[in-house]
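Line by line, the protein sequences are chains A and B. Numbered per this note's numbering, the first sequence spans residues 1 to 113. Numbered per this note's numbering, the second sequence spans residues 1001 to 1110.
Derived from the structure by calculation, the hints contain no laboratory data. Be aware that one or more of the hints could be misleading.
Examples of chain A residues lying across from chain B (beta carbon under 8 Å, computed) [what the hints assert, rightly or not]: (1) T31; (2) S55; (3) F90; (4) N99; (5) H103; (6) G105.
A short, non-exhaustive set of chain A residues, derived as facing chain B with CB atoms under 8 Å [claimed, not checked]: (7) D42; (8) P43; (9) F45; (10) S48; (11) Y50; (12) D56; (13) P101; (14) L102; (15) F104; (16) N106; (17) G107.
Listed next, with one range per pair, are the computed distances between beta-carbon atoms [said to hold, decoys possible]: (18) A:T113 x B:R1077: 41 to 51 Å; (19) B:E1057 x A:P27: 20 to 30 Å; (20) B:S1073 x A:P39: 23 to 33 Å.
C-beta atoms are modelled at their ideal positions from N, C-alpha and C, and glycine is treated no differently.
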Amino acid sequence: AAGVIQSPRHLIKEKRETATLKCYPIPRHDTVYWYQQGPGQDPQFLISFYEKMQSDKGSIPDRFSAQQFSDYHSELNMSSLELGDSALYFCASSLAGDNSPLHFGNGTRLTVT
Amino acid sequence: QKEVEQDPGPLSVPEGAIVSLNCTYSNSAFQYFMWYRQYSRKGPELLMYTYSSGNKEDGRFTAQVDKSSKYISLFIRDSQPSDSATYLCAIRTGGFKTIFGAGTRLFVKA
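Okay, chain A solo, but in the shape it has when bound (with noise of 0.2 Å):
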């Protein structure tokens, strides 16, 4: 079965510098999620789209920014990049509704120099 794909797997860049992040669900999938998990952290919560709209905020700097595309791929940017934003960026995908639980990628890599 299909499952969430993310790209880059692995990505390093410098403090101060921009990072793209991609993010492909499940087909039929309508809401893509954002979660950032530090070292031997649960995942946060960071942002939602429901149908190409912000469904619902987290502990999203105001560095970041996300949207969801009309064929409900979603990017997460990033800019002015800190040492602290050094970590794992999963992308998550269900079906809208309380009962659809979270299918996850295998998440970017991001390493901030």
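Model the placement of chain B on the given structure of chain A, informed by the hints.
Leaving out everything else, chain B in the frame of chain A:
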């Protein structure tokens, strides 16, 4: 108090043991409960999904929900070294939000 509490472990068991992983939650309105398994450097993988009190079984895995106690459990029977991973409980809190426990690191020794 966090909305979902989970003992981070680590939990070390011998191969073949029955493993019990647990979470407690604070809001009795929560209805949808999930367990994820996460291997190192991989995304969380959905193992079990339940929305009612009682047990749900899938192979060697059993998810249990006790809404009166606000307590959820995952049991792994005949544990294998390949079960060594971090196990995360997660709860859909309504709308588009899912919150996670801290994750329990499990080591199954051959």
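Against the structure, the hints come out as follows:
Given hint, A:T31 at the interface with chain B, holds; its Cβ is 7 Å from that chain's nearest Cβ, closer than 8 Å. A cut of 8 Å between beta carbons decides the hint on A:S55: the least distance to chain B is about 4 Å, and the hint holds. Nearest Cβ of chain B to the Cβ of A:F90: about 5 Å, under the 8 Å cut. The hint holds. A hinted interface residue such as A:N99 counts as satisfied when its beta carbon comes closer than 8 Å to some beta carbon of chain B; here the least separation is about 6 Å, so the hint holds.
Look at A:H103: its Cβ gets to within about 6 Å of chain B, closer than 8 Å, so that hint holds up. For A:G105, the interface hint holds, the least distance from its beta-carbon to any beta-carbon of chain B being 5 Å, beneath 8 Å. At a threshold of 8 Å, the smallest CB-CB gap from A:D42 to chain B is about 4 Å, leaving the interface hint in force. About 5 Å separates the beta-carbon of A:P43 from the nearest beta-carbon of chain B, less than 8 Å, and the hint is met.
Hint status for A:F45: holds, given a least beta-carbon distance of 7 Å to chain B, under 8 Å. At its closest, the beta carbon of A:S48 sits 5 Å from a beta carbon of chain B; the interface hint therefore holds under the 8 Å criterion. Taken as an interface hint, A:Y50 checks out: its beta carbon lies about 6 Å from the nearest beta carbon of chain B, inside 8 Å. Interface hint status for A:D56: upheld, as the beta-carbon distance to the closest one in chain B is roughly 4 Å, under 8 Å.
Restraint check, A:P101 versus chain B: the minimum CB separation of about 5 Å is within 8 Å; hint holds. At a threshold of 8 Å, the smallest CB-CB gap from A:L102 to chain B is about 6 Å, leaving the interface hint in force. Because the smallest distance between the Cβ of A:F104 and any Cβ of chain B comes to about 4 Å, under 8 Å, the interface hint for this residue holds. At about 5 Å, the closest approach between the beta carbon of A:N106 and any beta carbon in chain B falls short of 8 Å, and the interface hint on this residue holds.
Interface restraint check: A:G107 against chain B, minimum CB-CB distance 5 Å, threshold 8 Å, status holds. Distance hint for A:T113 and B:R1077: a CB-CB separation of about 45 Å, consistent with the stated range 41 to 51 Å. At roughly 29 Å, the beta-carbon separation of B:E1057 and A:P27 lies within the given 20 to 30 Å, and the hint holds. Our hint of 23 to 33 Å for B:S1073 and A:P39 holds, since their Cβ atoms are close to 27 Å apart.
Going through the hint list in order, the structure satisfies each hint without exception.
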